[in-house]
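Asker: Single-letter residue listing:
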Amino acid sequence: MTSTSNNLLEMRGITKRFPGVLANDQIDFDVRYGEVHTLLGENGAGKSTLVKILFGLYQADEGQFLLRGKPVHIASPAEAIAARIGMIHQHFMLVPTLTVAENVALGLASSRRPFTDLETVSARIREISEEHGLAVDPSVIISHLSVGERQRVEIIKALYREVELLVLDEPTAVLTPNEVDDLFVILRRMADNGQGLIFISHKLHEVMALSDRITVLRNGRVVGATTPAETDRQKLAEMMVGRTVRLTPELPPAQTAESRLVLSNLTINGDAETIAVNNLSLELQAGEILGVAGVSGNGQRELAEAIAGLRPLESGAMTLNDKDVSLASTRDRRNLGLGYIPEERIPDGAVAEFSVSENLILVDHAASTFLDKGMFDEQAIADHSEKMVEDFAIKTPSIKTPTSSLSGGNIQKVILARELAARPTVLLACQPTRGVDIGAAEYIHTRLIEQRALGTATILISEDLDEVLGLSDRIAVMYEGQIVAIVPRQDAERSQIGLLMAGATD
Amino acid sequence: MDDFFTTSVLVATAAAAIRLATPYLLAALGETIGQRSGVLNLGVDGVMLLSAFFAYWTVLSTGNLWLAALVALLVGLIMGVIYAVITVFFEATQGISGIGIFIFGLGFSDLMFRQQVGTPKPVPRLPSVNIPFLADLPYVGEPLFQRSLMTYLAFGLVPLTVVLLNKTTFGLNVRAVGENPQAADSLGVSVERTRFAAIMIGNAFAGLAGAALVLQLGIFQPNLTQGMGFIAVALVYFGAWRPWGVMGGALLYGVVNATVLQWKALGIIPVSISDLAGMAPAILTIGALILLARRVHAPAALTKPFSRH
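Protein chains in written order, with our numbering: chain A, 1 to 506; chain B, 1 to 309.
In case anyone wonders, no lab produced these hints; they're calculated from the structure.
Please note that a few of the clues may not be correct.
Okay, the calculated beta carbon distance ranges per label pair [unchecked claim]: (1) B/I286 with A/H91: 33 to 39 Å; (2) A/G374 with B/Q221: 55 to 61 Å; (3) B/I286 with A/P19: 58 to 64 Å; (4) B/E192 with A/D192: 37 to 43 Å; (5) B/I286 with A/E480: 38 to 44 Å; (6) A/S111 with B/V117: 34 to 40 Å; (7) A/V140 with B/Y152: 51 to 57 Å; (8) A/V140 with B/D275: 50 to 56 Å; (9) B/V85 with A/R126: 50 to 56 Å; (10) A/R331 with B/G278: 46 to 52 Å; (11) A/R331 with B/D110: 19 to 25 Å; (12) B/I286 with A/S259: 33 to 39 Å.
Here are the computed lysine to aspartate or glutamate pairs in the EDC-like style, where the Cα-Cα straight-line distance is at most 20 Å [to be verified]: (13) A/K203 with A/E170; (14) A/K203 with A/E386; (15) B/K304 with B/E91; (16) B/K167 with A/D117; (17) A/K387 with A/E358; (18) B/K167 with A/E119.
These numbers were taken from a predicted model, which means no experiment stands behind them.
From the three backbone atoms N, C-alpha and C, an ideal C-beta is built for every residue, glycine too.
All chains should be modelled from the sequences, with the hints used to inform the complete structure.
Answerer: Right under this line is the structure:
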């Protein structure tokens, strides 16, 4: 048993059950003053559950925890805050219509009750900004801030409450590589000031860069603890998954020849009638994977929707396999060989309430192979579905199971199976592995590379820079609706792409 | 038409407009507070009917107008507790729950009226209270400063609601909970308590609206409101969830209503189409709603029940 004297937090034997799931199974975890302790694990490994228990959002079924050496019971976020525990959630916990100061003041006692005291709050925010190098204007409304600035507001919220223990639940998910670097500087400084930080992530290079100690969870249990000095990315990945994994897929040289998709001077409007894609041109060849890197919100979604036929072009033209499809319907594009893996699995890629089998034949359900005298041929559909489930290693109790009860990775495999079964010549894959566990991601990557070998032209739009760098023959960087650079695979360098994503022109 | 554009008729029309706007304004202000916290209450009309009946019954039995207003307020609070428990604690769908409250209010006020009163008997109305000096001003004195205390209260509540929503901790909580309840929860603000309180205030205002309506008319009949509570909900959208905007909507509604009544009285609108003209306020409001309201976003969490899981 470790001494409690230098431990800020000590969790012992934490167990949490949800109906049918053991989310946390006898977890021991501790945080010392002045360290970054990483919780690493796949989706569903129990990381979020554990920190939600710490923050009073869930109650543990068994186990106890000690804060600063004393047993505590935390029943609500209010009690966690009072105990000087802070949490930065995966999705920003900010109210977009309120100002920075109002967001910080929320939940705090005011010195001018019943009125708010935003002047005092703003003054203190300015002090904190200066002290920690977190430039932000307290009077600005959150919705006017960039993602990186919003992250700063989240940190200011925690600093304002003088947290001693800060939990960061995948805080880098929406940041550019440069913003991640800035964030890490701030986090390191906090640790050096004696605060304890719990960092949750599944991005291995970030874990290696930031952590003092690493605890790996799998299926609700602690499977190991280590430090960056004793391990590497490969070993960490294997601890997470519990078997050998290939982190960087191998890519044989591309066999490009004919052009499959030509985008000429596309201008596309966003939802708010603003220009989302501005005069963009691109040519995609058979047998290559073109990765589109960029920070979310730089026009990638609109571009993908326009290629898929879900969003009209303001100007410009698009040809698919030498046919002009600028005005073509989604159905026509599909018939011309376009496969589409949308960004949102549910509801864009699959219908949650439909069975696995129904989603597997969706879109092509009117094909003659699935019909018998105008009615569904149940046997043919079942045969097709069973084959797909087997070919794509989809983990499902049966083909009749509602798709919503599958894991994210398996839903994604259902969509991938359906799209590839249509034998596309051009594949548009948007965030194909977002929120998917390492095993499924590895599988999806293998399939994409297999398609490449078959001559399929693939556009891979992803916010995961590792994925883009690992799979693409060419990397196109999107910034403010334009492609600012196209870098061939052999010349692509992480830091340079990161700068381009952030809008650096050179 | 020349008859209408005389000073005395215009002043009388303005006075009527402000009087007619009073119950709408009270109900819509209350609804605004509720909606800013993320709770849609379609039951306003039912609450107004119930409180109007009980206020009427109180005057009928005791002759005390202030006791009547207090009773109406209490009826509003009781209905508020019921609605808050249904929607906040049981997380029921707000649209349907509100319609349930409306139907209950409609039916129960009707039943009580038939059981306890039977035929409509007039009761004393709210007296107008002249404000010294201001009441004697030419043109504006009569419409603005010779009104009942209920009207002064309704218009006085507009800036108070602005202050409540924008300057107090409670108002900050209400706005946060209506936009991103998860964020409020993560900072230790109780979403349940905040919404509960917002619903209670909203229903108290609806109760006062019922009292204002019945005490201005001096009579009750089944379905007295004829959908006024629903108009009040529409006025919240019209006013883009801002108290001053809501007041503008209520006044517009009052002006059109009063003008139509005046035109009927002056014979500008022929008797044959007078019922049709009675629809004008509703049509105008809906038209304005279509033109104006599309530019503003509703509170993001409106109608969404909150739970941590």
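Asker: Indicate, hint by hint, whether the structure satisfies it.
Answerer: Hints, one by one, checked against the model:
Under the hint 33 to 39 Å, the C-beta atoms of B/I286 and A/H91, about 37 Å apart, fit the expected range. At about 59 Å, the beta-carbon gap between A/G374 and B/Q221 stays in the expected band of 55 to 61 Å. As the Cβ distance of B/I286 to A/P19 is approximately 47 Å, the hint placing it in 58 to 64 Å is violated. For the pair B/E192 and A/D192, the supplied restraint of 37 to 43 Å holds, since their beta-carbon distance comes to about 40 Å.
For B/I286 and A/E480, the hinted distance range of 38 to 44 Å is satisfied, since their beta carbons lie about 40 Å from each other. A beta carbon spacing of about 53 Å between A/S111 and B/V117 contradicts the range 34 to 40 Å that was offered as a hint. With their beta carbons about 38 Å apart, A/V140 and B/Y152 fall outside the hinted range of 51 to 57 Å. Hint check: A/V140 to B/D275, Cβ distance near 53 Å, so the stated range 50 to 56 Å holds.
A hinted range of 50 to 56 Å for the beta carbons of B/V85 and A/R126 is inconsistent with their spacing of about 44 Å. Checked against the given bound of 46 to 52 Å, the beta carbons of A/R331 and B/G278, roughly 50 Å apart, stay inside it. About 55 Å separates the C-beta atoms of A/R331 and B/D110, a value inconsistent with the hinted range of 19 to 25 Å. A beta carbon spacing of about 53 Å between B/I286 and A/S259 contradicts the range 33 to 39 Å that was offered as a hint.
Taken as a hint, the A/K203 and A/E170 pair is honoured in the structure, with Cα atoms around 9 Å apart against an allowance of 20 Å. Only pairs whose Cα atoms come within 20 Å are accepted, and A/K203 paired with A/E386 is rejected, the gap being roughly 34 Å. Distance check on the hinted pair: B/K304 and B/E91 sit about 9 Å apart at the alpha-carbon level, within 20 Å; holds. For the suggested pair B/K167 and A/D117, the alpha carbons sit about 8 Å apart, so the restraint of at most 20 Å is met.
Taken as a hint, the A/K387 and A/E358 pair is honoured in the structure, with Cα atoms around 14 Å apart against an allowance of 20 Å. At roughly 12 Å between alpha-carbon atoms, B/K167 and A/E119 fall within 20 Å of each other, so this suggested pair holds.
Hints 3, 6, 7, 9, 11, 12 and 14, counting from the list given before, are not met by this structure.
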